[in-house]
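Each residue of the sequence shown is one higher than the one before, counting from 1 in my numbering.
These aren't lab readings, by the way, just hints derived from the structure by calculation.
Idealized CB from N, CA, C, for every residue including glycine.
A couple of the hints might just be wrong.
[As the list claims (entries may be wrong)] Taking CB as the label site, the calculated pair distances span:
| hint | residue 1 | residue 2 | range |
| --- | --- | --- | --- |
| 1 | Thr95 | Gln257 | 27 to 37 Å |
| 2 | Ser50 | Gly120 | 40 to 50 Å |
| 3 | Leu26 | Gly79 | 35 to 45 Å |
| 4 | Leu37 | Leu77 | 24 to 34 Å |
| 5 | Val119 | Arg38 | 28 to 38 Å |
| 6 | Thr263 | Thr78 | 23 to 33 Å |
| 7 | Val214 | Ser259 | 38 to 48 Å |
| 8 | Gly98 | Ala139 | 41 to 51 Å |
| 9 | Arg38 | Ala139 | 21 to 31 Å |
| 10 | Gly79 | Thr57 | 16 to 26 Å |
| 11 | Gly79 | Leu37 | 31 to 41 Å |
| 12 | Leu88 | Pro158 | 46 to 56 Å |
| 13 | Gly55 | Thr95 | 46 to 56 Å |
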Amino acid sequence: MTQDDGSGGTAVVGVPRRWLAVEVWLVFGVSLGAAGLRAAVQLVGALTASGPLAGRTAVLNSSRAPGQPWVDLALQLTGLAAGLVPVLLAVHLLTRSGEGVRPLGLRPARVGSDAARGVGLAALVGGTGLALYLAARGAGVNLTVVPEALPDVWWRIPVLVLSAAQNAVLEEVLVAAYLLHRLRQLGWSDNRALAVSALLRGSYHLYQGLGGFVGNVVMGLLFGRLYQRWGRVGPLVVAHTLIDVVAFVGYAVLAGQVSWLPTA
Numbered sequence: 001m002t003q004d005d006g007s008g009g010t011a012v013v014g015v016p017r018r019w020l021a022v023e024v025w026l027v028f029g030v031s032l033g034a035a036g037l038r039a040a041v042q043l044v045g046a047l048t049a050s051g052p053l054a055g056r057t058a059v060l061n062s063s064r065a066p067g068q069p070w071v072d073l074a075l076q077l078t079g080l081a082a083g084l085v086p087v088l089l090a091v092h093l094l095t096r097s098g099e100g101v102r103p104l105g106l107r108p109a110r111v112g113s114d115a116a117r118g119v120g121l122a123a124l125v126g127g128t129g130l131a132l133y134l135a136a137r138g139a140g141v142n143l144t145v146v147p148e149a150l151p152d153v154w155w156r157i158p159v160l161v162l163s164a165a166q167n168a169v170l171e172e173v174l175v176a177a178y179l180l181h182r183l184r185q186l187g188w189s190d191n192r193a194l195a196v197s198a199l200l201r202g203s204y205h206l207y208q209g210l211g212g213f214v215g216n217v218v219m220g221l222l223f224g225r226l227y228q229r230w231g232r233v234g235p236l237v238v239a240h241t242l243i244d245v246v247a248f249v250g251y252a253v254l255a256g257q258v259s260w261l262p263t264a
């Protein structure tokens, strides 16, 4: 159950604000907040290593058991499933506080509308993101990102699609919906919460370089503002999934075939 807290947001009845704050810290401490710290350390390592930054690679989807395709597949699927546990934790906490999935704006009647908005958003963001990456790498402030380095087996493309969907659900539910919703309940202004959400999104992409950080901060500002206006995470999940599917599968198909796409 929630009530108006007088600040334009809602507070959870019977739950002290400090508990909500601790909850947020813990959720991100076991998920994307920790990923942001690791990514920052990885970037420091890349910057202090010998050689240009663009000469180093950041591999997103790689084999977990080279030469053992069935073991590799099992490890890929296990990793994808484990990566969604923080989402289930956030949903559980929202449900326990009496809110359920309402803050996510998930309604069956809006599936078509969410999908259409997501497709349009992906078209807007996808090309811009690619251009920014190429420019950042050309300027020497980004690593060479290798979206996939999986073996050429039958499950390669399906796993890449599942990886894209997992990334989308994890990031949009936690960083856009859950975080912005909880910060509003804690009395934060929308602009302040949006800035934190966007910076967090950028932080766990620091392993890619400064271009990856800036690009994802901009994406976070756009996606976060849209969530604040729409109150729906569905379009963001659809858009993010499509963007990553194109990046992962597109790289698998085009790597080595076109001159403009950097490869390892």
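Hints, one by one, checked against the model:
| no. | hint | result |
| --- | --- | --- |
| 1 | Thr95 with Gln257: 27 to 37 Å | violated (47 Å) |
| 2 | Ser50 with Gly120: 40 to 50 Å | holds (44 Å) |
| 3 | Leu26 with Gly79: 35 to 45 Å | violated (22 Å) |
| 4 | Leu37 with Leu77: 24 to 34 Å | holds (27 Å) |
| 5 | Val119 with Arg38: 28 to 38 Å | holds (32 Å) |
| 6 | Thr263 with Thr78: 23 to 33 Å | holds (28 Å) |
| 7 | Val214 with Ser259: 38 to 48 Å | violated (25 Å) |
| 8 | Gly98 with Ala139: 41 to 51 Å | holds (49 Å) |
| 9 | Arg38 with Ala139: 21 to 31 Å | holds (25 Å) |
| 10 | Gly79 with Thr57: 16 to 26 Å | holds (20 Å) |
| 11 | Gly79 with Leu37: 31 to 41 Å | violated (20 Å) |
| 12 | Leu88 with Pro158: 46 to 56 Å | violated (22 Å) |
| 13 | Gly55 with Thr95: 46 to 56 Å | holds (48 Å) |
Consistency note: the structure conflicts with the earlier hints numbered 1, 3, 7, 11, 12.
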